[in-house]
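Novice: Read off the chains here:
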Amino acid sequence: QQQVKQSPQSLIVQKGGISIINCAYENTAFDYFPWYQQFPGKGPALLIAIRPDVSEKKEGRFTISFNKSAKQFSLHIMDSQPGDSATYFCAARSNQFYFGTGTSLTVIP
Amino acid sequence: KAGVTQTPRYLIKTRGQQVTLSCSPISGHRSVSWYQQTPGQGLQFLFEYFSETQRNKGNFPGRFSGRQFSNSRSEMNVSTLELGDSALYLCASSLGAGSNQPQHFGDGTRLSIL
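These protein sequence lines map, in sequence, to chains P and F.
Here the first sequence stands for residues 2 to 110, numbered as in our numbering.
Here the second sequence stands for residues 828 to 941, numbered as in our numbering.
Hints in this document: simulated from the structure, not taken from any laboratory.
All figures in this text were calculated on a predicted structure; none of them were measured in a lab.
Every residue, glycine too, gets a C-beta built ideally from N, C-alpha and C.
One or more of the hints may lead you astray.
What the hints assert, rightly or not - Derived contacts from chain P toward chain F, CB cut-off under 7 Å, selection only:
1) Lys16
2) Tyr33
3) Gly44
4) Pro45
5) Leu47
6) Gln97
7) Phe100
8) Thr102
9) Ser105
To be verified - If the Cβ cut is set under 7 Å, some of the chain F residues that face chain P in the computed set are:
10) Gly869
11) Phe872
12) Phe877
13) Leu917
14) Gly935
Said to hold, decoys possible - Not close to chain F: a few residues of chain P, all C-beta gaps over 10 Å, as computed:
15) Pro9
16) Ile19
17) Ala25
18) Thr29
19) Arg52
20) Phe63
21) Gln82
22) Pro83
23) Asn96
Using the sequences and the hints given, assemble the complete structure.
Specialist: And the structure:
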């Protein structure tokens with residue numbers, strides 16, 4: 002059973018556009034929600050993370066929106082660039098980390 | 828500051844063999860977790876170690892085992908290798924074992940079973 006459901010599986014965005022990736026969960030014991038970016042041949046790199054007592058967190062072009070009542074959180078990438086083309090994973094932690102299945106983002110110049 | 832270092836980067840084994848993978852965490856990090864990443868199953872948690880003690884274990888068979896040393900370095904062992912064990916094995920370290928401790932990943936060991 003997938004503890005964290007991530008969508009879409011793949012996403013194509015024009016340069017300068019907004020990329021939005023969504024995740025949903027059921028386990029209310031989750032209390033930490035990070036997003037990771039992974040390039041081919043590399044390990045996942047921590048992008049940004051949020052705790053459930055905060056509804057939004059912004060770091061540069063990356064924003065997490067968190068809806069505790071809906072048990073959903075999303076990553077917004079503003080002004081998307083070709084260098085952002087990568088696979089993005091959401092995750093949630095209770096006693097261990099559970100990862101979404103990943104979103105392959107392609108930003109077209 | 829050096830990141831998480833995993834060795835070797837690539838490994839080819841045959842069915843039935845056993846393998847040991849190594850992970851050196853970021854200096855000062857005392858928690859190490861291991862994950863298996865495959866195209867079909869994504870990132871799956873194997874186990875977490877903190878201060879040489881296994882704190883959590885994922886849903887993997889007993890062929891998968893690990894340990895952590897006093898310097899926080901960790902090793903993972905897989906015995907009686909099966910074709911389905913082919914995957915990218917990732918190690919992640921964090922300062923402590925708390926729920927809001929960010930994890931930092933290494934670049935993984937790519938294990939191929941022939």
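Novice: Output the indices of the hints that this structure fails to meet, ascending.
Specialist: 1, 9, 12, 19 and 23
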